[in-house]
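Trainee: What follows is the residue order along each chain.
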Amino acid sequence: MCGIVGLHLKTERHRDALGRLLSPMLDCLETRGPDSAGLAIYSEPVAEGLFRYSVRIDGLDPDADTKAEVATLVVELSHDLGSTVTCERVRPDGAVLIASDQVETVSSRLAERRPDATVVGFGRHIEVVKDVGRPRDICRRHEIENRSGYQGVGHTRMATESAVTIDHSHPFAPNADLALVHNGSFSNHATVRRRLAQQGIDCVTDNDSEVAARLIGRDIDSGATLETALKTVGQEMDGFYTLLVTTGREFAVVRDSFACKPLVVAETDEYVAVTSEYIAMTSLPGIGSAKVFEPTPGEIHVWER
Amino acid sequence: MGTVTDTAPETAAGNTVELDCAGMSTREVNAALHELAAGSRVLVLNPRGRHNLAVALDQELEIEIAGHAGYFIGGLCDGPSITVDGFVGWSLAENLMSGTVRVRGNASECCAASAHGGLIVVHGDTSSRAGISLKGAELAVGGDVGHMSGFMAQAGTMLIGGNAGDALGDSLYEAVIYVAGSIASLGSDAQVEDLTQEDVDRVRSLVERAGFDHVSPENVTRVASAKHLYNFDALKEQKY
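Residue numbers (my numbering), protein chains in the order written: chain F, 16 to 320; chain B, 7 to 246.
There's no promise every hint is true.
Among chain B residues calculated to face chain F with C-beta under 8 Å, some are [what the hints assert, rightly or not]:
| id | residue |
| --- | --- |
| 1 | Arg56 |
| 2 | Asn58 |
| 3 | Gly95 |
| 4 | Ser114 |
| 5 | Ser134 |
Partial list, derived from the structure: chain B residues whose beta carbon lies under 8 Å from chain F [what the hints assert, rightly or not]:
| id | residue |
| --- | --- |
| 6 | Arg54 |
| 7 | Trp96 |
| 8 | Gly149 |
| 9 | His153 |
| 10 | His220 |
| 11 | Ser222 |
| 12 | Glu224 |
It should be emphasised that the hints constitute simulated quantities derived from the structure, not laboratory data.
Virtual Cβ for every residue (Gly too), placed ideally from N, Cα, C.
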């Protein structure tokens, strides 16, 4: 069992409150996933040619001056890359850096300077938080309530297929501005992972959900729409799933053909909210007049920005 | 209308007791319900999607849940009459033994799963697997039901006032399903059978108790087991 939440804001109205709206939704679904949690939050893009990198740095000493440590890294990376790197936010687990959109170059320079660093998400719009522990504590630690943005997805994890580590936490964000959260379990993930490896796409964990994220990433890179990519998941992957996937522009949900895992959608003029359980959206403004429904088995719903 | 908010009432016959979820844990709400004398009327306020409300009650209570509720509402009950003025999540009235559970909105998956007795009425739609493993209860759905409804239903009656999704009545045993609308597809070993006068009477009774005014008992489709998969015979040698 896991919990999924998502909020796609159609208007400007609640943008400043995005984090404040998402936090209680995630907290409410702790019962579905008490061991880990994570979020992807989408806000206005950085300039063309640049990406936001959500970087976890395991060796940061929480008792030391992390700001200074990150500042040093920013200077070193700017030098190594020959282009400006800036720090948008210092986090308890690392930092959000803004650097060139040459992901491979940036990642390898980063790894040279800080072998203990991991890029957990990147893109012009996205910031990714992945952590282990209770969702309430994670939201507090990362000050999620202060985040603004136009879209967010979150996940509370009850691990069934692989270990409880930060890397195994959701969302999985292997491509620019792509984030996937999954409730369920894929049974043929090893087969699909091998198939992807043959195509030069490697997973970094043995997690089943990461395979689905990489599969979707592959198709989107080839120009597929998110809807088409989700259809491919239905064809290639076997198992139980409710998926919430976003590219920042497209925000989509799908349940497996048996509808084994729950999903509730609420739509108003101002937002689309999706949660594993209705109870997790009762804190939203205007929920009483929202159109509430459950996607039927295999039905893909996409909202575009 | 009497109001009790601080402590659980011991007796409240004749009055309506109010229990406000906003200030009570689910455990407190259920404990208060369990302590009520038979015949009590209860209004449960602010459910806001709360799970596990009004479960395992074995006295005859009149319970109104004023709003949308979550999973397992009315589960395991043996006696009370529960009405939800809203929609509910998964597994409404799971394993109901007797009494009535009525939902004025929609119900999510596995509605009335394994219900042994009593009446479950959903005025709106239910999603997948309504009446799964039904064991003797009556389930009346005013609207549509999702796929795999009636799966492995062993005994009892299902009435679907709207349309049925795919794989209706898969692996049925002795339960019988009546459908007023269309059937997307039948499940394995389910078949459409001729409607008898006994069926019409059974449906009429159910329609009346459900309070449906859009189902004509003479015009429903009867779905029951073809008994190609279900052929258990206790007198045969134990080869199963």
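Trainee: So, for every hint listed, does it hold in this structure?
Mentor: To see whether the hints hold, each was checked on the structure:
1. For Arg56/B, the interface hint holds, since its Cβ comes within 8 Å of a Cβ in chain F; the closest pair sits about 7 Å apart.
2. Among the interface hints, the one on Asn58/B is violated; its C-beta lies about 11 Å from the nearest C-beta in chain F, farther than the 8 Å criterion.
3. A hinted interface residue such as Gly95/B counts as satisfied when its beta carbon comes closer than 8 Å to some beta carbon of chain F; here the least separation is about 6 Å, so the hint holds.
4. For Ser114/B, the interface hint holds, the least distance from its beta-carbon to any beta-carbon of chain F being 6 Å, beneath 8 Å.
5. For Ser134/B, the shortest C-beta to C-beta distance to chain F is roughly 5 Å, which falls under 8 Å, so the interface hint holds.
6. At a threshold of 8 Å, the smallest CB-CB gap from Arg54/B to chain F is about 4 Å, leaving the interface hint in force.
7. The beta carbon of Trp96/B is positioned within 8 Å of a beta carbon in chain F (closest approach about 6 Å), and the interface hint is therefore held.
8. At a threshold of 8 Å, the smallest CB-CB gap from Gly149/B to chain F is about 13 Å, leaving the interface hint violated.
9. The beta carbon of His153/B is positioned within 8 Å of a beta carbon in chain F (closest approach about 6 Å), and the interface hint is therefore held.
10. The beta carbon of His220/B comes no nearer than 21 Å to any beta carbon in chain F, farther than 8 Å, and the hint placing it at the interface is violated.
11. Annotation: Ser222/B was flagged as interfacial toward chain F, and the flag is violated, the nearest CB pair being 27 Å apart, outside 8 Å.
12. This hint is violated: Glu224/B has a C-beta 31 Å from the nearest C-beta of chain F, more than the 8 Å allowed.
Hints 2, 8, 10, 11 and 12, counting from the list given before, are not met by this structure.
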